[in-house]
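Student: Turn these sequences into a full structure, and let the hints steer you where they fit.
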Amino acid sequence: CVDFKATGCHLDGGYAEYMVAYVDYVYRVPRGVDAVKLAPLMCAGAVGYRALKLTEMTDGLRLGLFGFGASAHIIIQVARRLYPSSEVYIFTRSPEHQDLARRLGADWVGNPGENPPRLIDRAIDFTPVGETIARSLELLAPGGKLVVNVIRKQTPVSLLYEKHLWLEKEVKTVANVTRSDVKELLDIAGREPIDVKIEEYRLDDVNEAVRNLKATRVKGSAVLRIT
Numbered sequence: 001c002v003d004f005k006a007t008g009c010h011l012d013g014g015y016a017e018y019m020v021a022y023v024d025y026v027y028r029v030p031r032g033v034d035a036v037k038l039a040p041l042m043c044a045g046a047v048g049y050r051a052l053k054l055t056e057m058t059d060g061l062r063l064g065l066f067g068f069g070a071s072a073h074i075i076i077q078v079a080r081r082l083y084p085s086s087e088v089y090i091f092t093r094s095p096e097h098q099d100l101a102r103r104l105g106a107d108w109v110g111n112p113g114e115n116p117p118r119l120i121d122r123a124i125d126f127t128p129v130g131e132t133i134a135r136s137l138e139l140l141a142p143g144g145k146l147v148v149n150v151i152r153k154q155t156p157v158s159l160l161y162e163k164h165l166w167l168e169k170e171v172k173t174v175a176n177v178t179r180s181d182v183k184e185l186l187d188i189a190g191r192e193p194i195d196v197k198i199e200e201y202r203l204d205d206v207n208e209a210v211r212n213l214k215a216t217r218v219k220g221s222a223v224l225r226i227t
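For the sequence shown, the numbering used here gives the first residue as 1, with consecutive numbering after it.
Since the hints were made in silico from the structure, they are not lab data.
Heads up, a few of these hints could be off.
Unchecked claim - Straight-line Cα separation of at most 25 Å, SDA-like style, residue types lysine to any residue; simulated pairs: (1) Lys37 x Asp3; (2) Lys183 x Val23; (3) Lys183 x Glu96; (4) Lys153 x Asp3; (5) Lys197 x Glu96; (6) Lys153 x Lys37; (7) Lys37 x Tyr83.
Tutor: What follows is the structure in structure tokens.
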């Protein structure tokens, strides 16, 4: 969609007790899955899943995730199920996020300035800063693919062709998720629940939730309980 409008960004809304939606854009909750635990899959999970699909990942390739917040902590679990022979490397500065990555089965965890055991074949950048694009491209093996999973970057991106792009490296960006992306992810969660780390807030406490998200104090995903 080239004329994308987001609630809470371009339009009023985003947090509400009630809403009206077209039936084609409503999804069935898998039986036996807690709706509160499912909520992060509808946004952070779905866009992360689309980014994973865009990498054209296959089993046995090495995957690097830059940043480890709401989206990435879901995608490491999806990658583990879909690509059991692949190594997953996590790049994040937060000690709490590093601990969570280890608990969720990362093969290597470090900050973005550290070098992993080997070059990576596929990378997803979840961070708001431009320098991780350059860093992830440095760590890509020849022919590797990077997908940038954010709407915008807060700092500029500086690249050198020979250092970051040469040797048939590819860069893609995520724009919108599709209905099939959401359905596929819900099907995966329905077969085997995803361990979504959440911090639950009342709707009246939405400003506190947003402040904690901005300060990266949330481990996993923040969820608003409407009732």
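Student: Each hint: holds or not?
Tutor: Against the structure, the hints come out as follows:
Taking the CA atoms of lysine 37 and aspartate 3, the gap is near 31 Å; set against the 25 Å cutoff, the hint is violated. Between lysine 183 and valine 23 the CA atoms are separated by roughly 14 Å; this keeps the pair inside 25 Å, and the hint holds. Distance check on the hinted pair: lysine 183 and glutamate 96 sit about 31 Å apart at the alpha-carbon level, beyond 25 Å; violated. At most 25 Å may separate the alpha-carbon atoms for a hinted pair to count; lysine 153 and aspartate 3 meet this at roughly 19 Å.
As the CA atoms of lysine 197 and glutamate 96 are separated by approximately 12 Å, the hinted pair is consistent with the 25 Å bound. Of the pairs offered as hints, the one joining lysine 153 and lysine 37 is violated, with about 28 Å between alpha carbons and a cut-off of 25 Å exceeded. Under the criterion of a C-alpha separation no larger than 25 Å, the hint pairing lysine 37 with tyrosine 83 is consistent with the structure, at around 23 Å.
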